Amino acid sequence: MKTCLDLFWTFFKLGLFTFGGGYAMIPQLKEIVVEKKKWATMDEVMEIIAIAESTPGPIAINMATYIGFKQSKVLGSLCSTIGVILPSLIIIYLISLFFNQFLALKFVNYAFVGIKCAVAFLILRAGLDMFKKMKKTIFSLSIFIIVFSLLIIFELFAISFSSIIFILCGGLLGIIFYGISQRKKVSE
Amino acid sequence: MIYLELFFEFFKIGLFTFGGGYAMIPLVKELVINKSWLSEELFYDFIGVCESTPGPIAINMATFVGSTQGGLLGSILATLGVVLPSFIIIILVATILTKFTNNKHFKNFLQGIKPIIVALITSTGLILLAKAIGYNSNFEFTINDLSIGIFAGICLIYSIYKIVFKKKINTILLIVISALLGVVVSYLT
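Protein chains in written order, with our numbering: chain Y, 1 to 188; chain H, 189 to 377.
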């Protein structure tokens, strides 16, 4: 029980002080979880990051669940996961109650003219960074170009479409394409 | 039943969000617009709030959308929905599927998904930029000089910071600076 409370409280604090998503959490996770609490080694944290990247969902949640499970099984992972989401839940719920009134203020409205530009910049930059790092094969480039163009066309013509379908098709094509090219390599 | 709907829709999003919070933005946008839960304008404004408050973007969005549609219970259910797939999958990976992430077909699946995620994020950024500087949908464009100026300012500040301090500017600092830019430029013009 003591471990569970400790897990809850530690991840509550991590959730409260993590701005900007999962990767921003890694330095603090290293300091608290690896060095202070000794719940995991740095190698394990790196391994969890690799798992988090290849499983769906927010990285912070994946980390909290994994480390909590290692300490006290399902109860532990429940405690750490609830701990890490609770600060966001409380803060955003409070904001949501006043957001419309807040936006109606003139200077806030002006501020959001700037914030909107910053958000566009941040997302575009993140996308371009990912594109630079992406392994460029004929397969990945053509998928990128097709999906990118379709997404822009859908936006222009206001066509509603679920991107989940793209994600599933991409995964399926990946299995087929890379599967075939790996088999070819083996037979050569 | 709005509560069940919130839970299942966000469960679906949690299940298909590979590659972090930004990849989730287009999925949530599609959801809130198809269901007429939020206006596009309000949704984009809220991303700015997500970026400057603690916690994963996914959780912040689920809580916000849930709260606007179903109050406190709505926000709790939407958040649970978005978290549950990760929670279940990680426990499975930690117990019975320890070798699963090394599976050849699964790795190929992830390789196939990658360019889609990059396309989703890049196009979202581009669409947001177009809307910020004056695209109104239906091929109408009213150029917004003010926003173009602010966007150029942000690019400049980002590059100067990178040259001077040799690292990327902190996201919150950048948002605060742009908010100030927005207020100052709006009052001046």
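The hints are simulated quantities; they were obtained by calculation from the structure and are not laboratory data. Treat the hints with care, as some may be off.
Over the 12 Å line for every Cβ pair with chain H, so calculated as not near, a few chain Y residues [as the list claims (entries may be wrong)]:
#	residue
1	V45
2	K133
3	S187
Below, simulated BS3-like cross-link-like pairs (lysine-lysine); rule was C-alpha separation at most 25 Å, straight line [to be verified]:
#	chain 1	residue 1	chain 2	residue 2
4	Y	K133	H	K292
5	H	K355	Y	K70
6	Y	K30	Y	K13
7	Y	K30	H	K200
8	H	K223	H	K292
9	H	K356	Y	K132
10	H	K200	H	K223
11	H	K295	Y	K132
12	Y	K133	H	K223
13	Y	K30	H	K292
14	H	K287	Y	K73
15	Y	K106	Y	K135
16	H	K200	Y	K132
17	H	K295	Y	K185
18	H	K223	Y	K30
19	H	K295	Y	K136
20	Y	K106	H	K319
21	Y	K136	Y	K184
22	Y	K184	H	K319
23	H	K295	Y	K133
24	H	K350	Y	K185
25	Y	K135	H	K223
26	H	K350	Y	K132
27	Y	K136	H	K319
28	Y	K185	H	K292
29	H	K319	Y	K135
30	Y	K106	Y	K136
One-sided and incomplete, this derived list gives chain Y residues near chain H with beta-carbon spacing under 8 Å [as the list claims (entries may be wrong)]:
#	residue
31	C4
32	L5
33	W9
34	F17
35	T18
36	A40
37	V119
38	I152
This structure is a prediction, so every number in the text was calculated from the model and none was measured. We treat Cβ as the ideally placed atom computed from N, Cα and C, and that holds for glycine.
Cross-check of the supplied hints:
No Cβ of chain H comes within 12 Å of the Cβ of Y/V45; the nearest lies about 14 Å off, and the non-interface call holds. Under the 12 Å C-beta cut-off, the non-interface status given to Y/K133 relative to chain H is violated; the minimum distance is some 9 Å. For Y/S187, the requirement that its beta carbon stay farther than 12 Å from each beta carbon of chain H is met, with the minimum near 16 Å. Note on Y/K133 and H/K292: the hinted pairing holds, with a Cα-Cα distance of about 22 Å set against a maximum of 25 Å.
Simply put, H/K355 and Y/K70 have alpha-carbon atoms about 35 Å apart, too far for the 25 Å limit, and the pair is violated. For the hint pairing Y/K30 with Y/K13, the CA-to-CA distance comes to about 14 Å; that is within 25 Å, so the pair holds. Our distance criterion of 25 Å between C-alpha atoms is broken by Y/K30 and H/K200, whose separation comes to about 31 Å. Proposed proximity of H/K223 and H/K292 is contradicted: the alpha carbons are some 38 Å apart, above 25 Å.
For the given pair, H/K356 sits about 16 Å from Y/K132 by alpha-carbon distance, which is consistent with the 25 Å threshold. Taking the CA atoms of H/K200 and H/K223, the gap is near 15 Å; set against the 25 Å cutoff, the hint holds. Restraint check for H/K295 and Y/K132: satisfied, since their Cα atoms lie roughly 20 Å apart, inside the 25 Å limit. A threshold of 25 Å between alpha carbons decides the hint, and for Y/K133 with H/K223 the separation of about 35 Å lies outside it, so the pair is violated.
Under the criterion of a C-alpha separation no larger than 25 Å, the hint pairing Y/K30 with H/K292 is inconsistent with the structure, at around 30 Å. For the hint linking H/K287 to Y/K73, the alpha-carbon distance of about 19 Å falls within 25 Å, and the restraint holds. Distance hint between Y/K106 and Y/K135 is unfulfilled; the C-alpha atoms sit about 46 Å from each other, more than 25 Å. Distance check on the hinted pair: H/K200 and Y/K132 sit about 29 Å apart at the alpha-carbon level, beyond 25 Å; violated.
With a CA separation close to 17 Å, the supplied pair H/K295 and Y/K185 stays within the 25 Å bound. At roughly 41 Å between alpha-carbon atoms, H/K223 and Y/K30 are farther apart than 25 Å, so this suggested pair is violated. Restraint check for H/K295 and Y/K136: satisfied, since their Cα atoms lie roughly 16 Å apart, inside the 25 Å limit. A C-alpha spacing of about 20 Å is found between Y/K106 and H/K319, which places the hinted pair at or below 25 Å, so the restraint holds.
As the CA atoms of Y/K136 and Y/K184 are separated by approximately 20 Å, the hinted pair is consistent with the 25 Å bound. Between Y/K184 and H/K319 the alpha-carbon distance is near 46 Å, which puts this suggested pair outside the 25 Å criterion. The suggested pairing of H/K295 with Y/K133 holds, with an alpha-carbon distance near 17 Å, which does not exceed 25 Å. Pair hint H/K350 plus Y/K185 does not hold up; C-alpha atoms about 43 Å apart against a cutoff of 25 Å.
Under the criterion of a C-alpha separation no larger than 25 Å, the hint pairing Y/K135 with H/K223 is inconsistent with the structure, at around 36 Å. For the hint linking H/K350 to Y/K132, the alpha-carbon distance of about 18 Å falls within 25 Å, and the restraint holds. This hinted pair does not check out: Y/K136 and H/K319 have alpha carbons roughly 30 Å apart, beyond 25 Å. Our distance criterion of 25 Å between C-alpha atoms is met by Y/K185 and H/K292, whose separation comes to about 14 Å.
Our distance criterion of 25 Å between C-alpha atoms is broken by H/K319 and Y/K135, whose separation comes to about 30 Å. Of the supplied pair hints, the one linking Y/K106 and Y/K136 is violated, its CA atoms being roughly 47 Å apart against a limit of 25 Å. Here the hint on Y/C4 is broken, as its CB sits about 16 Å from the closest CB of chain H, past 8 Å. Interface restraint check for Y/L5: the shortest CB-CB distance to chain H comes to about 19 Å, outside 8 Å, so the restraint is violated.
Of the supplied interface hints, the one on Y/W9 is violated, with its beta-carbon coming no nearer than about 16 Å to a beta-carbon of chain H, more than 8 Å. The closest approach between the C-beta of Y/F17 and any C-beta of chain H is roughly 6 Å, which is under the 8 Å cut-off, so the hint is satisfied. Hint status for Y/T18: holds, given a least beta-carbon distance of 6 Å to chain H, under 8 Å. Here the hint on Y/A40 is broken, as its CB sits about 12 Å from the closest CB of chain H, past 8 Å.
Proximity of Y/V119 to chain H holds as hinted, the smallest CB-CB distance being about 5 Å (cut-off 8 Å). Taken as an interface hint, Y/I152 checks out: its beta carbon lies about 6 Å from the nearest beta carbon of chain H, inside 8 Å.
This entry does not satisfy hints 2, 5, 7, 8, 12, 13, 15, 16, 18, 22, 24, 25, 27, 29, 30, 31, 32, 33 and 36, going by the numbered hints stated previously.
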